[in-house]
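Peer 1: Letter by letter, the chains look like this.
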Amino acid sequence: MSNAVAAPKKGGFLAGTANYLDERVGVAGILKEFGRKVFPDHWSFMLGEVALYSFLVLLLSGTFLTFFFQPSMEPVIYNGVYGPLKGAEMSIAYASTLDISFEVRGGLLMRQVHHWSALLFVAAAGLHMLRVFFTGAFRKPREINWVVGFVLFVLGMAGGFTGYSLPDDLLSGNGLRIIDGMIKGLPVIGAYTSSLLFGGEFPGEAIVARLYGLHILLVPALILVFIVIHLFMVVIHKHTHYSGPGRKDTNVVGYPLMPVYVAKAGGFFFIVFGVIMLIAATFTINPVWNYGGYDPSPVSAGTQPDWYIGWLDGALRLAPTGIEVHSGGVTWAWNILLPMIVGVGFLVVVAAYPFIEAWVTGDKREHHVLDRPRNAPTRTAIGAAGVTFYAVLWAGAGTDLIATNFKMSLNQVLTSMQILLFVAPVLAYIITKRTCLSLQRKDRSIALHGRETGRIVRLPHGEYIEVHEPLDEFEQWKLVDFKDYQPTLARPNAAGKITLRARLRAGLSRFYFEDRIAPVTQTEIEDAHHHGDHSAIENKDSH
Amino acid sequence: MAFKKNRRSPLAAIIVMAAGLALTGGGYAAATAAVDAVKPVSAAYTAEQVTEGKKLFLANCASCHGKNAEGTKAAPSLIGVGAAAVEFQVDSGRMPGQASGPQLQVKKKQFTDEQVDALVAYASTLGDGPAVPTEEMIAANGNATRGGELFRINCAMCHNAVGAGGALTEGKYAPALKGVPADHIYEAMLTGPQNMPVFNDANLTPQDKKDIITYLKFVEENPSAGGYELANLGPVVEGLFTWVFILGFIIAITIWLGAKSN
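Line by line, the protein sequences give chains B and V. In terms of our numbering, the first sequence has 529 at position 260, counting the first letter as 1, and numbering is strictly consecutive. In terms of our numbering, the second sequence has 78 at position 46, counting the first letter as 1, and numbering is strictly consecutive.
Hint data in this document are derived by calculation from the structure and do not stem from the laboratory. Beta carbons are placed, not taken as given, at the ideal position from N, Cα and C, and that holds for glycine. A hint or two may mislead.
Every beta carbon over 10 Å from chain V, so not counted as near; a handful from chain B, in silico [what the hints assert, rightly or not]:
(1) Thr335
(2) Phe371
(3) Phe403
(4) Gly561
(5) Ser569
(6) Asp575
(7) Ile700
(8) Tyr733
No farther apart than 30 Å at their CA atoms in a straight line, the calculated lysine-lysine pairs in the DSSO-like style are these [to be verified]:
(9) V/Lys86 / V/Lys99
(10) B/Lys702 / B/Lys747
(11) V/Lys86 / B/Lys676
(12) B/Lys676 / V/Lys105
(13) B/Lys633 / B/Lys409
(14) V/Lys210 / B/Lys355
(15) B/Lys676 / B/Lys766
(16) V/Lys87 / V/Lys139
(17) B/Lys517 / B/Lys633
(18) V/Lys204 / V/Lys141
(19) B/Lys306 / B/Lys711
(20) V/Lys87 / B/Lys676
(21) V/Lys87 / V/Lys105
(22) B/Lys676 / B/Lys517
(23) V/Lys204 / B/Lys676
(24) B/Lys306 / B/Lys533
(25) V/Lys141 / B/Lys676
(26) V/Lys99 / B/Lys676
(27) B/Lys766 / B/Lys711
(28) B/Lys533 / B/Lys301
(29) B/Lys517 / B/Lys301
Covered by chain V, according to a simulated footprint, are these stretches of chain B (three or more residues, beta-carbon under 8 Å) [to be verified]:
(30) 454 to 463
(31) 734 to 745
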């Protein structure tokens with residue numbers, strides 16, 4: 270082996286193996302195709318990787334947990350080592366979770382690894398989505414991959430929720446009760462659906478085993494399939510890159526997969542794994558032994574879902590009460606339906622955003638160079654508004670903790686959040702858009718006049734000027750290389766009519782591109798340079 | 033005439049009514065006595081303590097509670113609240129109250145232990161009420177499993193499953209129970225201070241209360257097996273921790289990895 274590595278001579282072990290594999294499965298072709306894939310270097314391109322690696326950690330730790338977890342709701346008397354539950358009646362599911370925590374060697378560590386990596390998985394995926402959104406990486410040809418990624422995010426939430434409910438402790442049972450309430454809030458089909466899901470009246474004896482099936486089989490299988498599709502599309506589309514000299518829509522500038530990125534990504538996997546292990550070994554997560562077995566009567570204060578479901582819990586908490594309507598023998602529980610509509614509506618807008626923007630711009634070009642967020646002010650502002658909307662709902666799930674920890678009135682916190690839910694996104698939109706436009710103006714002025722040096726020079730005739738230092742071409746490129754759009758007009762169709770659709774599109778186009786800072790053109794740069802020279806040398810004449 | 037012979041005495045109705053009233057009233061009194069199971073505790077305190085307590089009361093409490101503890105518009109009567117209530121409020125530093133608000137805040141205790149005892153002694157002379165529990169009643173040697181179950185059923189909806197505290201309406205809150213002495217926990221259950229309901233001895237027997245204390249003390253004294261607890265506040269803190277520290281740490285690493293080598 271060692272001599273093969275040192276000098277792979279003909280017939281050596283490595284060459285022999287490579288030849289064997291190539292003749293049978295064509296690895297040379299595969300390596301040639303994949304090994305030479307080029308990936309650009311940027312920290313923000315690694316967020317999706319973090320999600321992927323957390324998922325691998327989830328698979329590994331989850332497999333370990335299935336060896337010991339028993340998804341049964343049969344009652345047993347606990348007789349394990351945890352004192353304050355000894356002799357208590359509980360489900361087998363909860364008892365086996367306690368056994369994993371206290372009696373299985375490494376069990377508690379694995380439970381904590383699993384739970385922390387679940388939180389990290391969804392968080393990294395969410396952050397990755399934000400990166401893709403704010404840099405416009407969802408534009409043609411990647412719209413479908415955005416939807417695939419969106420499905421992965423929703424599947425991550427589903428995987429998390431089904432797992433959260435498995436230990437059958439008081440906290441997770443309370444969470445399930447809320448889901449049950451939401452399902453029952455659906456008019457007409459609610460009660461039937463709940464009965465179908467729980468196998469009778471809540472909590473029944475079936476739900477843990479059913480969620481277990483979803484959690485360890487269906488959801489992870491779907492996540493895997495979608496990850497494969499997601500990565501396959503990355504290979505097809507090639508990776509995007511940030512604007513810079515030599516970086517175009519027709520190329521990718523970076524390092525090849527083999528050997529640079531295989532080594533980098535492999536190392537990064539172990540770093541992510543290591544961070545998760547470190548956190549799991551030092552910080553408690555979901556101390557199920559504190560909550561006791563599920564019993565439908567008690568509800569603990571501070572009952573919250575895991576963070577990724579928090580925004581939906583917040584929507585429920587912020588919904589106004591007393592808005593139920595009785596009609597046609599059906600109760601329309603709007604305090605439950607409204608948050609559900611808001612939640613689903615928000616998700617639909619997120620999923621559909623690339624198509625909406627593509628329709629408004631009418632842009633059919635392929636985009637492989639990413640936008641700087643400031644260069645797409647309206648999109649960035651819409652994103653900021655969306656993030657703010659989500660964040661207010663999210664914070665809504667923590668209203669009780671905000672009230673106690675900051676010594677405020679719970680009612681006032683709730684009312685403030687209800688107001689913020691409408692006001693904050695608008696403010697975020699305006700502030701972000703103005704900030705983007707200002708940054709663009711600043712870029713424009715730097716591109717045209719160079720950087721301010723802070724050096725003040727007095728000219729012979731007494732005028733003071735600040736010396737501006739021109740940018741080098743590499744930096745200049747970053748500031749001027751972006752596409753911009755102009756508002757389109759509503760045009761009549763073949764029949765000579767301006768349709769409502771055309772009007773809507775023109776209206777949206779105006780909304781998007783009315784306020785725009787045009788990119789600096791080459792002529793402008795030349796003019797500016799000329800002007801600069803001119804003013805320095807023949808100042809008197811020019812004014 | 034047989035009819036007339038059997039006619040009841042005119043006093044019969046009154047006698048029956050009196051008997052009925054005596055029966056229900058006496059029964060109620062007996063039942064109440066059984067429920068409260070409180071003895072006047074005057075025996076436990078000396079006359080000097082009571083005198084000293086009255087002085088302290090007049091100097092520190094009477095402006096709101098009235099010179100004879102009869103109550104004013106600003107504060108309730110203390111007649112019959114019992115020694116337990118006074119010890120809870122004064123010993124925990126809630127009373128004398130500093131400012132009016134949704135709820136009295138815990139602050140530094142204003143009296144020495146002797147002065148608290150004196151105030152308690154005085155309070156016990158104001159009328160029958162729940163007495164201060166004995167050492168044995170609050171010793172954490174009951175059944176923690178039972179205590180945990182009772183705690184989750186009766187207390188967790190406000191105080192959280194591990195006693196981390198929780199929000200109530202309009203700025204009121206159920207305080208965290210970590211670090212609260214056992215006698216205060218017992219007295220709070222017995223007397224229902226502020227927004228807390230009263231859990232009298234028919235509702236939670238002294239044994240139940242002892243079990244609850246046993247459970248709370250177990251949780252307090254045994255740190256989490258899983259490592260640092262993040263204040264036991266549940267998923268909100270776990271989510272914040274994930275976003276700020278884990279993701280923050282990993283982003284720092286990605287920036288390091290993505291940095292251009294010089």
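Peer 1: Going through the numbered hints above, which ones does this structure break? Give me the numbers in ascending order.
Peer 2: As far as the earlier hints go, 2, 4, 5, 6, 11, 15, 19, 20, 22, 26, 27, 30, 31 are violated by this structure, in ascending order.
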